[in-house]
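Here the protein sequences come in this chain order: S and G. Just so you know, we're using my numbering here: the first sequence kicks off at 452 and counts up by one. Just so you know, we're using my numbering here: the second sequence kicks off at -4 and counts up by one.
Among these hints, one or two may not hold up.
What the hints assert, rightly or not - Computed cross-link-like contacts, DMTMM-like style, restricted to lysine to aspartate or glutamate with a CA-CA straight-line distance of at most 20 Å:
(1) S/Lys484 / G/Asp70
(2) S/Lys506 / G/Asp255
(3) S/Lys484 / G/Asp326
(4) S/Lys601 / S/Asp581
(5) S/Lys483 / G/Asp70
(6) G/Lys282 / G/Asp255
(7) S/Lys583 / S/Asp556
(8) S/Lys506 / G/Asp326
(9) S/Lys495 / G/Asp279
(10) S/Lys483 / G/Asp322
(11) S/Lys484 / G/Asp320
Said to hold, decoys possible - Okay, the calculated bits of chain S under chain G, using three or more residues with CB under 8 Å as the criterion:
(12) 602 to 610
(13) 653 to 659
Stated by the list, open to error - Simulated restraints, written as ranges between beta carbons of each label pair:
(14) G/Leu198 / S/Asp481: 16 to 22 Å
(15) S/Asp504 / G/Arg168: 33 to 39 Å
(16) S/Val650 / G/Ser143: 52 to 58 Å
(17) S/Asp672 / G/Val169: 17 to 23 Å
(18) S/Asp672 / G/Leu228: 50 to 56 Å
In short, the hints are calculated from the structure, not lab data. Glycine residues also receive a C-beta, built at the ideal position from the N, C-alpha and C atoms.
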Amino acid sequence: MKTLAFDTSNTQLSISIDADNQQLASFFSDEKKTHSVTLLPAIKQCLQEANLDIKDIDEIIVAQGPGSFTGVRIAVTTAKTLAWTLDVDLKGVSSLALIASNIKDEDKIIVPYFDARRSNVFAGAYQLVDGKLIECVADGHYVIDDLIEKLQELENEVVFVGPEIEELTTKANTKLTKVEFSSDNDPDAHNLVKLAEQVQPVEDIDAFIPTYLRYTKAEYDWLKTKHKADDDGYVQRV
Amino acid sequence: MKDTLILAFESSCDETSVAVIKNGKEILSNIIATQIKSHQRFGGVVPEVASRHHVEQITVCTDLALKEAKVTYDDLDAVAVTYGPGLVGSLLIGIMAAKSIAFAHSLPLIKVNHLAGHIYAANLVSDLQYPFMSLIVSGGHTEIVKVSAPGEFERLGDTRDDAVGEAFDKIGRVLGLKYPAGKQIDEMAQLGKDTFNFPRAMLQEDNLDFSFSGLKSAFINTVHHADQIGEELDKNDLATSFQECVIDILTEKTFRALKDNPVKQLVVAGGVAANSGLKKRFTDEIKKRNLDLELIVPPIRLCGDNAAMIGAAAQVEFEKGNFADLDLNADPSLDL
C-alpha cells in the first residue's frame, strides 16, 4: 500500500510518501513560500526520491482543515483532483489532529490550536489512548474564553500545542490548574498515515471540501440578518 | 495533420468551467457551473464564497467535460488553465486542478491569459485573420486590443476606473435590479428613450481610454435628486439613457482605433458583448460608415466566462510550444 500524504493548512508545507507505514520520502518547508507554487513540484521531487511514479500511489491522504482558507483549499483541491483522476482512495484528516499527534503523552489532554485572530482560535482537544487520538472537544472555531471553559470541564492536565498567543497563555495559566505549552507545532505528513487508519475513505470525492469551521463574513451576516441556511441550488450548470 | 485535443479550465471569477476543444476551433464539451444565485444573496461576487464553490464543482465539471466530449486522458494533448487576471482564490482552484491532472497523466500544461481567452472565443465561431481588432467588455475589463499575430497583443485602450460591466451592475443596484443587472438594463433600454443625455466622458480626449465613474455618478445624482423632490423618473428612460451613453463611448473609441489601425475583423467579446444594443450599434455603424469590416460577436454562452475560450486561446500557445511548469501560480492582475 503506497500513500501520498500532505498538509498545507498553515505556513508550513509537509509531504510524506509511505509504503506500508515505512516512509520512503518526505518534504518539509516553513519558508513563507506560496503553497500553490511549491506543492506539486515538491510532490514530484518526493516521488522521484522514492523511485515511484504518481500512478504507483494507491491512496491520498490530506489534512482537510481547519487552517488558512486558501491553504486548506490548495491541499484539498490537489488531493481530490489527484485521487479522482487517478481513481484511488482519498482520506481527509483533521489538520488539528495532525498537530496533536506530535505530542506523545497519554496522561494529558492535548489541545492543538491555530490562531484565528481577534481572540479566536481554531482548536480541538484530544486524548492519546493506546496510541490512538480520541477527540474529546470537537474541532471548532472558538473564542479563547469559551475554549478554556470547555477545558475546565474536562478537569485534567492540559498541553497546548500551537503558535504563541499571549491572550491564550495568560488566560490558560489563570484558569486552568495544570497546564503546559508546547511549541512543537510543525505538521509532519508522515503522521497523517497513522491517523488515517482510523478514517474511512471518502465515498463521494466530488463532494469533498475543506473543513473550514467558519462561515465567510458575508454568509455569516446574511444568515444573521434574515435568512435560513439552505445550501442547495446556489451553483447551477448552465 | 493530427488533431489537437486540449482540456481547458476556467475559474477566474464566479463560473467553474471545464471544456474539451479540438484544434482551437471545435467545442467537444463546455461545462459551465455558475454561482450567480449564490452571490445574488450579497449583491455581488464575494471572493471567499466564490473560491469555496469552485472546490465543490471542480471534479464534477471535469468529469462531465470528459464524458460529454467522449475522450479519455490518452486522447488529450495538453491541459490548459486561466492563470489571471481574476480573483486569486478562484484562479487557484482551476490552477491546482489543472496542474494535478497534467502531472497525473504526464500532459503538457498551458497557461492562458483570461483576456486572450475572451478574444479567442471568436475563433470558435469564425476564422480569425491577422491583424484584427478586439474590444473586450466585461464585469472586470474594458479594453481595446489589437492582435497583430497569433498570441501577440497590443493594448490600445483601457478603462481608467470602473469596467463597463461594473457600471451596469452599480446603476442596476440604484434601479433596484438584481445582480447581475446587464441583461435587465438591456431589456429596459429597448423600451425607453434617451432623455437624460448623460455625459460622454473622454470622447473629447485624444486617446483610446475609457472612464465610466463620471457617468455612474451623474446617473446616481439624477436619481437621488428626483427622489428628494419627490419626482418619479421613468426607469426605462433611465436605462436607455445610460446604455446609449455607454454604447456611444464604446463604439466611438473603437472606431477611432480602427481608423488608425485598419483591419478586416472586429471582435467584440466578454460578458457585455451579449448586450443587444451594443451589437446593433456596431452593425449599423459599420454599414453607415461603409467599412469592409467583419464584426464577430460570439454567442452569449461564449461571451461570458467559459473554458471553451481558454481552450481556443491555448491552441495558439500549443502551436508555439509555450508550456508552463508545475510551479505555475495565479497572477490576479495579469496584463495582456
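- Task: Hints the structure violates: just list their numbers, smallest first.
- Result: 1, 2, 4, 5, 8, 9, 12, 14, 15, 18
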